[in-house]
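Asks: In order, the protein sequences belong to chains A and B.
Residue numbering for the first sequence follows the numbering used here, beginning at 4 and increasing consecutively.
Residue numbering for the second sequence follows the numbering used here, beginning at -4 and increasing consecutively.
Just so you know, the hints here were simulated from the structure itself, not pulled from any lab data.
Every value quoted in this text rests on a predicted model; they were computed, and no experiment measured them.
Warning: the hint list may mix true and false statements.
[To be verified] Derived contacts from chain B toward chain A, CB cut-off under 7 Å, selection only: (1) S12; (2) A16; (3) E76; (4) T80; (5) W232.
[Claimed, not checked] Each computed DSBU-like pair below joins lysine-lysine, with the alpha-carbon atoms no more than 35 Å apart: (6) A:K179 with B:K71; (7) A:K138 with B:K233; (8) A:K131 with B:K70; (9) A:K18 with B:K71; (10) A:K18 with A:K131; (11) A:K138 with B:K70; (12) B:K71 with A:K138.
Every residue, glycine too, gets a C-beta built ideally from N, C-alpha and C.
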Amino acid sequence: MIEVERLSKSYGTTKAVQDISFTIAQGEVVGFLGPNGAGKSTTMRMLTCYLCPDSGTARIAGFDITQQPREVKKRIGYLPENNPLYMDMGVVEYLRFIAAIRNLPSDSVKPNIQRVIEVCGLEAVVAKDIGELSKGYRQRLGLAQALLHDPDVLILDEPTIGLDPHQIIEIRNLIKNIGRHKTVILSSHILPEVSATCDRVLIINRGVIVGSGTPAELAALSRGKQTILVTVKGPHAEVAAGLRTLTSVVDVVPLETEDGYGRFELICSADAPSDMAEQVFFLVSRSGWSLSELYRKTVNLEDVFLDLTTREET
Amino acid sequence: MNQILTVFRKEFRSFFSSPVAYIFIISFLVVTNWLFFRTFFIMGQASLRNFFGLLPWIFLFLAPVITMRAWAEEKKLGTIEVLMTLPLSTAEIVLGKFLACVTFLIVALCLTGTLPLTVMILGDPDPGPLWGGYVGACLLGAAYVAIGLFASGITENQIVSFIVAIVICFAFLIVGENIVLYSVPPALGSVCAYLGLGTHFESIGRGVIDSRDILYYVSMIVFFLALNYLTIESRRWK
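I would like the entire structure built from these sequences, with the hints used as guidance.
Replies: As C-alpha cells, then:
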C-alpha cells in the first residue's frame, strides 16, 4: 500500500530525514515513534505531498507522491500535527467544505458527514463554531475531516497530543477500530500509545529508522535481559548467597531492608528460562524463608526506545 | 473549476464571519461619499471625475485590508497544511482566493452606485466616463488584490502583509505620476508611464476602453498571481 524508498529531506543544513525506506501493507497500523524533532512529521508531510522530498520516492496505492500528488491526496486522510482548523467555521460547514473539495457526489455528502459525526462522537457539537470547541472535540473534528471520504490510508500526526487520559483512550479505540479495515500510520513520542494501537512500530531518531518490528519484537531486541524483584524474610547474607546459586542469575543487587525483609533485584542472563520466578519461589520455600513479593520486570518499549535513541548519541 | 469555486466560496464566506467585512464596507462608503459630496455641489458638475480620481488612493489602503489575511492567516493557524494536502493544486487555491477578494472589492464598489445615481438624477452625465470609470476601478482593484495576495503569501504576519502590499501598490501607482516622469531620464519616461497603475486607470476612465490598458492590467494580475503561486509552491521545497 505504501512503499517508501530512500526518502530524504533537509531544511538548510539540518538533515530532517535521511534515506528512509519502508513498506506498509494494506490494513496495517504502523506507528512512528521517536523523540521530538526526529523526522516523523517531515516524513508524514512528504507522504501527504505537503513537502517535496529532496531525493527518493514514495508510492501510495501505486501513485508516486511527486508525479501524481492529486491521486495520492485523494486516497489519504491526514490529520496534521497540532490539528489546524478554521476557527471561524461551523463544524458542519467545515465538513461540507472538505466534502466539496474532495468532490464527494452530492447524494453521499450528507450520509458521509452523518457517519463521521457518529464515528467521532461529534453529535453534541454539530451546531457550534470550531472556535468554541474544546481541545478534545477539535481533535475529533480533525479525525472526522480525515475520515470523511473513507480513505484507504490514514496518516495521523500525534493524534492524541494534548488530550486528557479519558479522551486518549477514546481516540485510541477509534484508531483501533478504523485500523481493522484501513492502513494507518500514526506518530507519537509516547510509547504506551504506540504499543497499544499499532501492529508494527518504526523507531525514528535523527532522521533515520533505528528499529522496526512489532511491539513484542522490539521488546525482545533490548539486550534480552530479564529482571526479577524479590522480597524475602530471612538472614540477609544467606538469602543473597542462595539467590546467587540459581543458574543463569548474573547478579544479585540488595536494595533495601525493612522489618527483617530484604529486597533484592536479580539480574538474569539473556538465556534465562521463563520459569525463573518459580525457581526463586521454590528456593525460598525450600530454605524456610518467607516470601512477601515476587515480581518479574518485563522489558517494555520504553527501555527499547531509550536504548535505541540514545545509542548513537553516546 | 469546481475546486476553484469551492475555495472561492469558503474564502468569500470567511470575510463575513468576522466584523472586518462590515467595517471595511462601511468605512469605504463613508469615505468615498464624503469625499465626493464635499466638492460635488461646489463644483456643480454632473460627473464622477472627482470620485474616480480619488479611487486609486482609497483602494491603495483598502485592497490590502481585504487580502492581508488570505495567506498570512492560513500560515499562522497552520490550516495551509490542511488545504495543501487536500486534492487541490496550488494554482486552484491561488485563483479561488483571488476571485473571492476581487468579488468582495466589486461588491463594495457596487455599493457606491448611489453616487452615479445621484449624479444622474441631478444632471445628465456623460455615460462613457461613468462606465469606463467603473470598469477601470474593477481592473485597478483586481491588480491591487493580486499584489496584496502576493504580499500575504510571503509572510505569516497580517500587518507585515498589509504594509508590504501598500508599499508595492504605492510604488506602482506613483511610478506613472508626473512628478516621477519629470525626474527620470526621458528614455525611461515612457516605460514608467506604462508601468503606472494610475495612468491606465485614467485612460480607461475617460470612457475609452483600450485593449492595451486591459492587457496591462491582465498582465499585472497574471504576474503577481504567478509570483504568489511560486512563493507558495517554494515552501514545499524549503
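Asks: State for each hint whether it applies.
Replies: Going through the hints against the structure:
Hint status for S12 (chain B): holds, given a least beta-carbon distance of 4 Å to chain A, under 7 Å. Hint status for A16 (chain B): violated, given a least beta-carbon distance of 12 Å to chain A, over 7 Å. Against a cut-off of 7 Å between C-beta atoms, the interface hint on E76 (chain B) holds, since the closest Cβ of chain A lies about 4 Å away. Because the beta carbon of T80 (chain B) sits about 4 Å from the nearest beta carbon in chain A, less than 7 Å, this interface hint is met.
With 7 Å as the threshold, the beta carbon of W232 (chain B) comes within range of chain A, its nearest partner Cβ sitting at about 5 Å, so the hint holds. Distance hint between K179 (chain A) and K71 (chain B) is fulfilled; the C-alpha atoms sit about 32 Å from each other, no more than 35 Å. Between K138 (chain A) and K233 (chain B) the CA atoms are separated by roughly 31 Å; this keeps the pair inside 35 Å, and the hint holds. With a C-alpha separation of about 24 Å, the suggested pair K131 (chain A) and K70 (chain B) falls inside the 35 Å cut-off, and the hint holds.
The suggested pairing of K18 (chain A) with K71 (chain B) holds, with an alpha-carbon distance near 24 Å, which does not exceed 35 Å. In summary, the hint linking K18 (chain A) to K131 (chain A) is not supported, as the alpha carbons are separated by about 42 Å, beyond the 35 Å threshold. For the given pair, K138 (chain A) sits about 20 Å from K70 (chain B) by alpha-carbon distance, which is consistent with the 35 Å threshold. A threshold of 35 Å between alpha carbons decides the hint, and for K71 (chain B) with K138 (chain A) the separation of about 18 Å falls inside it, so the pair holds.
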